[in-house]
Amino acid sequence: MFQHHVRPMRRGRSAATALLTCALVLTGCKSAVDESGSGSSGPVRGGTLSIVQSADIAPATFLSQNNPNFAMIRTVFNTLTAYDHDTLKPQPELATGWDVSEDGTSITLRLREGVRFHNGRDFTADDVLFTIRAMQREDVATQLKHVALAIDDMSAVDDHTVRLHLSHPVSNLFDMFEMMPIVDKDTFGDLLAGKKFIGTGPFKVVRYTPGSGVKLVRNDDYWVKNRPYLDGIDISVQSQSQSMLSSLKSGESQLALDMAPLDAVSVRDDPRYNVIESDANDSVYYVGSNVAIPPLDKPGVRRGVAWAIDRGRILNQTLGGIGQTSSLPWSTSSPAYGKDQAATYRHDLDKAKALIGQAGATGARLKIAYNAGFATNQAIAEIVQFNLKQAGLRVTLVPLQAPDFFSKLTGGGLPGLFVNVHGFNQLSPATEVKGAFPFNADKNASGFDSDRYRALAKSVWEVPAGQDTDYGPLNTFLLDQQFVSDLVVSSHTYTTSSKLHKVGYNMFDYLDLDDAYLSR
Amino acid sequence: MLRYAARRVPSAVVVLLVASVIVFIVPRLAEGDAADVLAGPDASDATRDAVRADLGLTRNPVVQYLIWLRGLFTGDLGTSYIRKQPAGEAIGAALGQTVTLTLAALLIALVLGGLAGIVMGTGRSPVLTRAVNSLVSLAFAVPPYVSGVLLVLLFAVSIRLLPASGYQAVYDDPVIALQYLVMPAVCLGLPTAAVIARFLAASVRQVQDEEFVRTGLAKGLSRRRLVRAHIVPNALPPVLTVLGIQVGQLLGGAIVVEAIFGWHGIGDLLVNSVLSRDYVLVQDLLLFTVAVFVVVQVLTDLAHASIDPRVRLEVR
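The listed protein sequences correspond, in order, to chains B and L.
Numbering follows numbering that gives the first Met the number 0, in which position 329 of the first sequence is assigned residue number 328; successive positions increment by one, without gaps.
Numbering follows numbering that gives the first Met the number 0, in which position 139 of the second sequence is assigned residue number 138; successive positions increment by one, without gaps.
Because the hints were derived from the structure by calculation, they are not lab data.
Just so you know, not all the hints are guaranteed correct.
Within a straight-line C-alpha distance of at most 27 Å, the following computed DSSO-like cross-link-like pairs (lysine-lysine) qualify [as the list claims (entries may be wrong)]: (1) L:Lys218 <-> B:Lys195; (2) B:Lys366 <-> B:Lys352; (3) L:Lys218 <-> B:Lys194; (4) L:Lys83 <-> B:Lys214; (5) B:Lys195 <-> B:Lys88; (6) B:Lys194 <-> B:Lys184; (7) L:Lys218 <-> B:Lys184; (8) B:Lys224 <-> B:Lys214; (9) B:Lys457 <-> B:Lys442; (10) B:Lys457 <-> B:Lys338; (11) B:Lys338 <-> B:Lys88; (12) B:Lys338 <-> B:Lys366.
Keep in mind it's a predicted model, so treat the numbers as computed, not measured.
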């Protein structure tokens with residue numbers, strides 16, 4: 000890869016020798032640039048995949064969906080099932096089969112035999128029970144705790160059969176099976192503390208350096224025969240998106256996780272790179288309203304806000320066209336998605352002004368809070384500010400640091416409107432209205448408290464897994480109340496070198512690198 | 000002298016104690032805490048409360064302060080809330096990166112700045128002097144966040160000679176470590192090299208007018224020997240004074256360069272600790288910074304007192 004052109008020098012021979020020595024030392028022996036990458040065309044074994052991501056992994060949230068863990072969950076661990084991306088039917092992983100009772104309150108899972116954890120211990124039914132009990136613990140963070148808590152009885156029929164009983168039918172049971180990595184019951188405490196990472200997945204953790212990255216090596220005892228192809232994976236933290244892009248362009252890394260959308264788009268047309276937009280489409284940008292702050296206590300004003308915002312501009316200018324504008328939270332894969340309803344609100348300042356005027360809120364002062372650690376949110380907040388000024392409101396921006404923002408998001412202290420991003424829109428709608436904080440019917444970021452909403456959420460949750468129901472009333476209610484105004488349904492992205500092939504992911508965006516390989 | 004030291008040291012201890020109170024209180028004034036970060040954005044209040052209790056954040060703040068202070072006196076800097084690793088370990092690893100980068104940049108600054116300063120100061124070749132002068136002006140004017148990006152585009156993206164970002168410890172693999180080090184060190188060292196070059200050039204010009212230089216010339220010393228053995232050594236003292244100030248600036252500048260090249264030094268650690276409300280690390284890092292300044296100040300005062308008896312007498 001390196002070419003050295005050392006010209007003969009008549010004078011300053013010693014200087015030339017010194018320079019040459021330096022060049023040889025620096026580049027001649029071996030290189031930090033091309034350490035990874037091997038193989039010929041077609042699936043080949045070997046090579047170390049280098050991944051860059053913007054934040055350090057967060058072991059304390061391994062049972063949650065949390066973006067910094069996307070490269071770890073399905074590479075080090077396995078889940079019970081994985082949805083087929085086209086049909087959304089669960090497919091076997093560590094569970095090879097299952098029987099759901101007709102009333103949806105009981106399920107028997109048959110588990111894969113011959114699976115071993117990285118410490119050599121056999122995977123059994125006890126590990127599944129332990130993981131579900133961990134999700135039920137109050138001190139363990141997970142968005143699907145409501146599902147785990149709906150399991151009122153569980154038992155191991157034998158070493159490889161688990162029976163779960165639910166207090167009521169749960170439509171998003173398989174969402175939990177897909178999101179929940181099965182952990183080793185003997186080392187779970189060390190996992191939360193980032194000390195030990197024992198899973199059943201295709202790669203084993205060799206070293207975790209907090210703040211810097213993780214080194215993984217191939218699990219030769221992996222239960223999928225002849226997989227993985229890669230010898231190892233290096234995950235490193237690059238806090239700047241531009242640095243991630245440079246790392247990819249220099250060949251030092253082959254996969255950048257969730258670069259800033261505009262950086263990802265900058266290489267979309269370059270044949271040396273691939274920008275994979277997750278078909279889960281679970282990165283939804285929205286404007287929320289704290290309904291306790293006047294004039295946002297009036298639904299008419301919230302609808303006026305929804306009409307005022309130029310979603311197309313946000314999609315193109317801040318997200319580089321990744322995604323689609325929508326008034327609903329759902330991904331197109333969601334059973335609740337409706338094309339017509341998704342197009343309800345568009346940029347119409349006349350309607351916005353009329354609604355705001357009817358509510359007597361013209362000229363009212365509003366604040367828009369956002370997480371300042373995320374540049375895309377700031378850009379969106381600025382567009383929203385501009386649009387709302389056009390609609391006759393006086394708006395100021397309030398940038399907040401992440402802990403402050405999230406503290407206020409959950410504590411109800413946001414000063415008016417807020418710009419943020421949510422997920423959980425791609426699978427069962429119950430996961431959104433029971434698990435994602437902006438929409439949680441029991442307690443949400445907007446302080447929106449409604450018996451009608453709770454009843455609607457219950458109606459889509461207490462349905463046997465796999466059965467459909469009518470989501471029209473829920474959509475109509477969400478569109479009417481607008482305590483959350485969805486703007487753009489976008490995607491997490493995996494920007495890869497064209498040398499990297501067969502990058503997979505599940506519907507929670509956990510990287511699946513069983514079949515991934517590096518070509519020369 | 001001992002009496003002077005006995006008077007000076009207790010006041011330093013008081014400063015450190017007051018600083019420890021301030022660095023304990025200030026991070027807690029910001030909204031949100033480590034439990035908000037650890038529990039994740041969708042966590043329930045109950046989960047946050049459980050995490051908060053587990054971290055010990057629900058204890059009386061005075062108790063938290065005393066536990067931390069007791070740890071400091073026994074050599075235990077505490078455990079990071081977010082990283083779950085001993086704070087001393089985290090700070091040591093980050094400090095290693097920052098010090099490596101700063102020393103490498105200093106070396107580059109000394110070599111490049113020294114050579115350029117001599118060329119500019121002696122001014123024997125007008126063409127070479129003008130060329131070096133222009134390069135020095137450029138190095139002086141271009142900040143590290145610009146030169147860093149340009150270096151990455153040129154040497155990592157265009158010709159793929161060096162890695163764009165990352166770090167490897169010297170003891171792991173010196174060759175690879177050197178490759179990771181070159182661009183950040185050059186980027187950080189260039190402005191300092193320019194400063195050294197200018198000061199050295201001015202100092203060399205001044206020394207060249209000294210009588211002993213003319214004497215040397217009259218005695219028939221070669222120009223090269225005169226510069227090497229007499230002019231440069233006599234021109235160095237003012238440059239060394241400037242160098243002392245520049246080392247502090249290099250440490251500060253390292254924070255920006257670390258961000259560009261994906262290094263995880265002290266700056267990166269402090270910023271991330273503040274943003275994640277990792278109080279233990281923030282307190283330790285801030286107090287460490289204060290302690291460095293206090294110790295340096297005390298040592299300077301003691302040195303001053305040992306040289307100048309009037310200082311010691313003032314204390315009496």
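Satisfaction of hint between B:Lys338 and B:Lys457, Cα-Cα up to 27 Å
24 Å, holds
Restraint status (C-alpha distance of L:Lys83 to B:Lys214 at most 27 Å):
Holds, at roughly 18 Å.
Taking 27 Å as the top limit, are the C-alpha atoms of B:Lys195 and B:Lys88 close enough?
Roughly 33 Å between the alpha carbons, so the hint for B:Lys195 and B:Lys88 is violated.
Just to be careful, I want the Cα atoms of B:Lys338 and B:Lys366 compared with a cutoff of 27 Å; is the pair within it?
31 Å, violated
Against the 27 Å threshold, does the CA-CA distance of B:Lys366 and B:Lys352 hold or violate the hint?
18 Å, holds
Does B:Lys195 sit within 27 Å of L:Lys218, going by the straight-line distance between their CA atoms?
Violated. L:Lys218 to B:Lys195 sits at ~74 Å, over the 27 Å cutoff.
Measure nothing beyond the straight line between the CA atoms of L:Lys218 and B:Lys194; if it is 27 Å or shorter, mark the hint as holding.
The hint is violated at about 72 Å.
Within a Cα-Cα threshold of 27 Å, do B:Lys224 and B:Lys214 meet the stated pairing?
23 Å, holds
Within a Cα-Cα threshold of 27 Å, do B:Lys338 and B:Lys88 meet the stated pairing?
22 Å, holds
Does B:Lys184 lie within 27 Å of L:Lys218 when you go C-alpha to C-alpha?
Violated, because 86 Å separates the two Cα atoms, which is more than 27 Å.
Has the given pair, B:Lys194 with B:Lys184, been kept, meaning a C-alpha gap of at most 27 Å?
Measuring from Cα to Cα gives roughly 14 Å; hence the hint holds.
For B:Lys457 and B:Lys442, compute the direct alpha-carbon distance and say whether it is at most 27 Å.
14 Å, holds
Checked against the numbered hints given earlier, this structure breaks hints 1, 3, 5, 7 and 12; the rest are met.
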